[in-house]
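Asker: The lines below spell out each chain.
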Amino acid sequence: MNAAVVPMVRIQAADFDVAAEIARLTQGRADIGAVVTFTGLCRDEQGSLSALELEHYPGMAEAEIARIAGEAIARWPLSGITVIHRFGRIRPGENIVLVVAASTHRQAAFDGASFLMDYLKSRAPFWKKEHRIDGSEGGWVDARESDEIAAARWAGQ
Amino acid sequence: MTKLIYFAWVRERIGKTEEDIDLPAEVKTVRDLLLWLKSRGEEFESALQHPEVIRVAINQEHVDHREAVAGAREIALFPPMTGG
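Residue numbers (my numbering), protein chains in the order written: chain A, 68 to 224; chain B, 9 to 92.
Don't read these hints as lab results, they were simulated from the structure. Check before you lean on any hint, since a few could be wrong.
Claimed, not checked - Each computed EDC-like pair below joins lysine to aspartate or glutamate, with the alpha-carbon atoms no more than 16 Å apart:
| no. | chain 1 | residue 1 | chain 2 | residue 2 |
| --- | --- | --- | --- | --- |
| 1 | B | 11 | B | 26 |
| 2 | B | 24 | A | 122 |
| 3 | A | 196 | B | 20 |
| 4 | B | 24 | B | 50 |
| 5 | B | 24 | B | 53 |
| 6 | B | 46 | B | 69 |
Computed from a predicted structure; not experimentally measured.
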């Protein structure tokens, strides 16, 4: 149906500009009626966190996110998808991840963006390590069971 | 030769990012690999003490522990993912 949709996936250390990414996805098109964006930011954990260190598996990170985006395109009538995930040292208040989903009508864009984030959380090969404000290493962030449950809810549909 | 790659706390505990290795013939599945690696010294014992929690990718795709390792060029071992 919409086999022509090629998701844009970028894994980068640099920050991203949400407005520029929306413009890039919608530029020159008049068929898109809805754009949903999700931006994930680094929290300061009540002032205790100085930075997150994001490690990733180069090559697989791009490939796995592209596979997840392909599943979203197969499930919903999406007009376009952009996923950007940062790696390296990220400070509280800074961006970590961006998902943009575009479609003719809003529901596909909402569902597509939500599905992408849920799957990305449990399947994209990224790991977060905490650095504390007092200079100590906070250790690796544990995977949350709630993220697994969030991803699993799409399986029954 | 098979390239083994380690990430996050698996990498830290093993003390290296990757290695090229000839897998013994008795290592047929991912589960066999995890149990064999665990016997290679205390750093591996520490990283793989709970092999069931380790996630594995073969040639950059997720696999479960029953998957065969024959023909794998690259096998990655890592903890559950925490991106997003």
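Asker: For each hint given before, does the structure comply? Return the numbers of the non-compliant ones in rising order.
Answerer: 6
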